[in-house]
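Student: Residues per chain, in single letters:
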Amino acid sequence: MSFKRLDPEDFLVSVDSITATAWSTNSPTLTTFFTSSTTSTNDSYYKNVYQTASTLSSAAVQFAIAYGNSKGSGSANYNDLVPGVSPTRTVYGQYRNLVYGSETATFIFATVTASDFWAISVDRARYKEHLLKGTFNLQIKSGSTTINLTDNSGMVSTDTYLDCGRVYQIISGSNGVANTSINANGYSLSSGSYGLFLPDIATIILNPLALSQSIALEPSRTSDSEGNNITRLFAAISGAASFQVNSEETVTSDYVFVRARNSEFNYSENPSFISGSTGDVIFSNFINSPQTYMTTVGFYNDSSELLAVAKLSKPLVKDFTKEALIRVKLDF
Amino acid sequence: MGYLNNTAVTVDAILTAKGRELLARGDGSFRITQFALSDDEIDYTLYNPNQPSGSAFYGEAIENMPLLEAFPDETQIMKYKLVTLPRGTARMPVLDIGYSSITIKQGASLAITPQTLNYLSQTALFESSGYTFTISDVRLFNSFTGVGINTPDVQALNQSTTIGTNVSKTVVGTTLNLSATTVNTLFGSNTALTATLQVIGRDSGARLQIPVTVTKNN
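Line by line, the protein sequences give chains A and B.
Okay, so the first sequence: first residue is 1 according to this note's numbering, each after it adds one.
Okay, so the second sequence: first residue is 1001 according to this note's numbering, each after it adds one.
Calculated from the structure, these hints are not laboratory results.
All C-beta atoms in this analysis are idealised placements derived from N, C-alpha and C, irrespective of residue type, glycine included.
A couple of the hints might just be wrong.
What the hints assert, rightly or not - Quick look at which bits of chain B chain A covers, simulated, 3 or more residues with Cβ under 8 angstroms:
{"no.": "1", "region": "1038-1049"}
{"no.": "2", "region": "1064-1071"}
{"no.": "3", "region": "1087-1093"}
Given only the sequences and the hints, what does the whole structure look like? Please build it.
Tutor: Dropping the structure here:
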C-alpha cells in the first residue's frame, strides 16, 4: 500500500495574529517623508506621503494627511453663493460618518469638543488588517518644540468602541504610556487629548486645539481661503522625522499532520531502489533492514488525484525502527 | 525552480495543477482524504553499505543533500512512492502492461490490462483495487476510460470531464480503454503527438511510465 488515509484529528485550523512593521522601509520607524510635487485636484482634500521621492520607482504611499473643519474653514468654497461648503467641510463630514456613523456627532477628544481635526490615514497595503495598538509613536515638531504622541492603550483596562471599532485617546508619551509632566493622563493642559487612535480603520485623528496649546501648531481657520493646513501638519511630521506604528493581521492556516508508523513506508518504488527488471531490492541488507528517504508528501482525494504536494528541506530517513510525524502547512 | 534551504526541516505545500482545477470546479472534489510519501530525487546507489566508518554513515551521501522545490505538475512529482510491505520483502512489486511504449494511429483504439509481479507472494496478479491511469495530455484521446472498478469514488472520477487545455486526466480501473483523437487541427504541422502514460497499482504502489505517440493518418 502506498496511500494512507488521514483521520479527522490529523487536520488543524490555526488562527494566528501576525504583526509587522507598517512601512515600506521594513523599519519600525519612518524617518523620511515626501509628497508629490505634481499638483492634483485632490490636493484640497488630502496629500499622500511617500517614504522616498515620489518620482522614484520604489516610492510607495505610506499614509495620507487630510484636514477637516465643520464650518468649511481652511479652504476655498466650492461656490461663492454657498458659503461654508468647501473641501474641509466635505472631509469633516466624511470622517464624522466614518468614525461616529452619525451626521450630528461632533469630535470629542477626551472631554473637549473640537470643530476641526487633522486626519492621518495609513495606506491599506501598509496596515494589512489593523494597526497594532501600543505601537503608535509620532513626533510632531513646530518651531523648536517637539512632542511625542502615543495611544493610551497601555493605560486602559477596557477597550472603548465607537462606530468605527476600537478607539484610544492619543496622549503625550511613548509606547502606550503617558508622559505625566503636564497631565497625569497624558492629555494637554486644558484642550483634552491630542486625538483619537482608531486601529480598526487605520486612522489617526489629531486635535488641533491640543497641538496648538502644546507646541503652537495651529491650522488656518479663515473661511473661504486656502489655509494649506495639510502642508502644515506634513511639515511638522517631516521636521520631527519619527513616525512609528506596526500592522496587525489575522492569518488562518490549515495544518495537516502526516504520521508514518514504524512498519509503514519502509520500501520504495524508486528505480534506484530496485536492481534490474525483476524487482530485486538493490542491497541485500535492504531485505530485512530497508531504509528509505522521504522527500515529498503528496495529498490526494478519494479518487487518488494529487491535489497538493509538500517538499521536505532535506531527506528524512525511515526504517522499521523509526516513526515520522510531519506537520504540513497548507497555504492556499 | 530553486533549492530549498536545508538548514531547518520545513515543508512547503503547494497546489498542483490538478488541485487548482478541482478547487476551481467547486464541486467538492477538492477534498484531501489521504496522503502518500515519495522519495523523488533520491539515488539509492549513493547508499554505501561498505562505508568504512560504519553503518551510521551508509547514507551520508543522501541525508545531507538539498532538495528542489515542489513542482506543480502532478505528473512530475510523487513519482516514486514509499510503500508498506512486510519485512523481509526481497522483490519489489513491478507492473507489466505488455508495452514499453505505445504508438497508436489517429482514431484507433487500444485496451490495456496491467498486472503486478512480485506482490502478495504471487508471481503475477491483478490488483483488487485496480490501477490508476494518468495521461499527461488528455486532448490526445477521444476517450480515456477505466473499467472494472465500480466503487462510487472511482465512478465519479471516471465520469468527470476535463476540457480546454493540455491538462492531465486520471482514471481508475482494472483495464484502460483508450481511443486516439480524430481531431486533425491538434496536430498542426506535426505528424505525431506525444504524451506520457503513468500506471500505478492502487494496492502495491508499483509505478510504470511509458511514452504514448498518436500518429496522424494523412
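Student: Okay, the region 1087-1093 of chain B and chain A, do three or more residues pass the C-beta test at under 8 angstroms?
Tutor: Answer holds; 7 residues pass the 8 angstroms Cβ test.
Student: Are three or more residues of the region 1038-1049 of chain B within 8 angstroms, CB to CB, of chain A?
Tutor: holds (count 10)
Student: How does the coverage statement for the region 1064-1071 of chain B fare against chain A, requiring three or more residues with Cβ below 8 angstroms from a Cβ of that chain?
Tutor: As far as the region 1064-1071 of chain B goes, the hint holds, because 8 residues have Cβ atoms under 8 angstroms from chain A.
Hint violations for this structure: none, all hints satisfied.
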